[in-house]
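Participant: The chain contents come next:
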Amino acid sequence: EAGVTQFPSHSVIEKGQTVTLRCDPISGHDNLYWYRRVMGKEIKFLLHFVKESKQDESGMPNNRFLAERTGGTYSTLKVQPAELEDSGVYFCASNPSREVQAFFGQGTRLTVV
Amino acid sequence: GNSVTQMEGPVTLSEEAFLTINCTYTATGYPSLFWYVQYPGEGLQLLLKATKADDKGSNKGFEATYRKETTSFHLEKGSVQVSDSAVYFCALSDRGSNYKLTFGKGTLLTVNP
Chain A
1 EAGVTQFPSH
11 SVIEKGQTVT
21 LRCDPISGHD
31 NLYWYRRVMG
41 KEIKFLLHFV
51 KESKQDESGM
61 PNNRFLAERT
71 GGTYSTLKVQ
81 PAELEDSGVY
91 FCASNPSREV
101 QAFFGQGTRL
111 TVV
Chain B
114 GNSVTQMEGP
124 VTLSEEAFLT
134 INCTYTATGY
144 PSLFWYVQYP
154 GEGLQLLLKA
164 TKADDKGSNK
174 GFEATYRKET
184 TSFHLEKGSV
194 QVSDSAVYFC
204 ALSDRGSNYK
214 LTFGKGTLLT
224 VNP
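Residue numbers (our numbering), protein chains in the order written: chain A, 1 to 113; chain B, 114 to 226.
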């Protein structure tokens, strides 16, 4: 069974540009979460999808971040326009309903210069 | 709200030394507790978990016991190896927050031969 897959693994963009991160969860997992780790700090929750619906987006830092999960399968996280403070590692995780354990992807390292 | 406080590193040990990484938590409900590990160049992996008080999670020689009375979940290993060098994250989740994870800041462990 394939695990959680994230694309790209690394991205370097200039301030003001747009970047789209993608996450493919484990097939059949209704729950999909996005997290971010800014350098040296804790991993912080961004948002949670249940199927295609946003269940909780309380961790989204501002309106430059837009997440979608069309059809309840893969998800994208777009940052537009990117700022220097957006640099970090973005993790995606998924799990089935009522499952305590979350399965993580490899993460996308975003560097804004 | 929920929070996790973990011992900040970096921690440097010699091979075969004893390891303890302290973790305490604050939660409003009855959380599940986790240790995640990130090896160099890799994504987050679940190391072990405990879902109720007095449970002991164990994996790869690592152990942690869910102590409700002290709100702690300290990670221990009796004899570390060079291959254990990684960043270790303590985390919790609960049903009230739809199982989103709250992480500690992470502890970088380096084991020297």
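Derived from the structure by calculation, the hints contain no laboratory data.
Note that the structure is a prediction, hence the values are computed from the model and not measured.
Treat the hints with care, as some may be off.
To be verified - The list that follows gives simulated cross-link-like pairs (lysine to aspartate or glutamate, EDC-like), each with its CA atoms no further than 16 Å apart:
hint : chain 1 : residue 1 : chain 2 : residue 2
1    : A       : K44       : A       : D30
2    : B       : K169      : B       : E155
3    : A       : K41       : A       : D24
4    : B       : K165      : A       : E99
5    : B       : K165      : B       : E121
6    : B       : K218      : A       : E42
7    : B       : K162      : A       : E99
8    : A       : K78       : A       : E42
9    : A       : K78       : A       : E57
10   : A       : K41       : B       : D207
11   : A       : K51       : A       : E68
12   : A       : K51       : A       : E99
Participant: Determine for every hint whether it applies to the structure shown.
Facilitator: Against the structure, the hints:
1. A:K44 to A:D30: This hinted pair is violated, its Cα atoms lying about 21 Å apart.
2. B:K169 to B:E155: The hint is violated at about 26 Å.
3. A:K41 to A:D24: Not satisfied, since the Cα-Cα distance of roughly 25 Å exceeds 16 Å.
4. B:K165 to A:E99: 14 Å, holds
5. B:K165 to B:E121: Measuring from Cα to Cα gives roughly 25 Å; hence the hint is violated.
6. B:K218 to A:E42: Since the Cα atoms of B:K218 and A:E42 sit roughly 4 Å apart, the hinted pair holds (cutoff 16 Å).
7. B:K162 to A:E99: 13 Å, holds
8. A:K78 to A:E42: Not OK: A:K78 and A:E42 at ~21 Å, beyond 16 Å, violated.
9. A:K78 to A:E57: The given pair, whose Cα atoms are some 14 Å apart, holds under the 16 Å limit.
10. A:K41 to B:D207: At roughly 22 Å apart (the allowed maximum being 16 Å), B:D207 and A:K41 break the hint.
11. A:K51 to A:E68: 11 Å, holds
12. A:K51 to A:E99: Cα-Cα ~15 Å, so holds.
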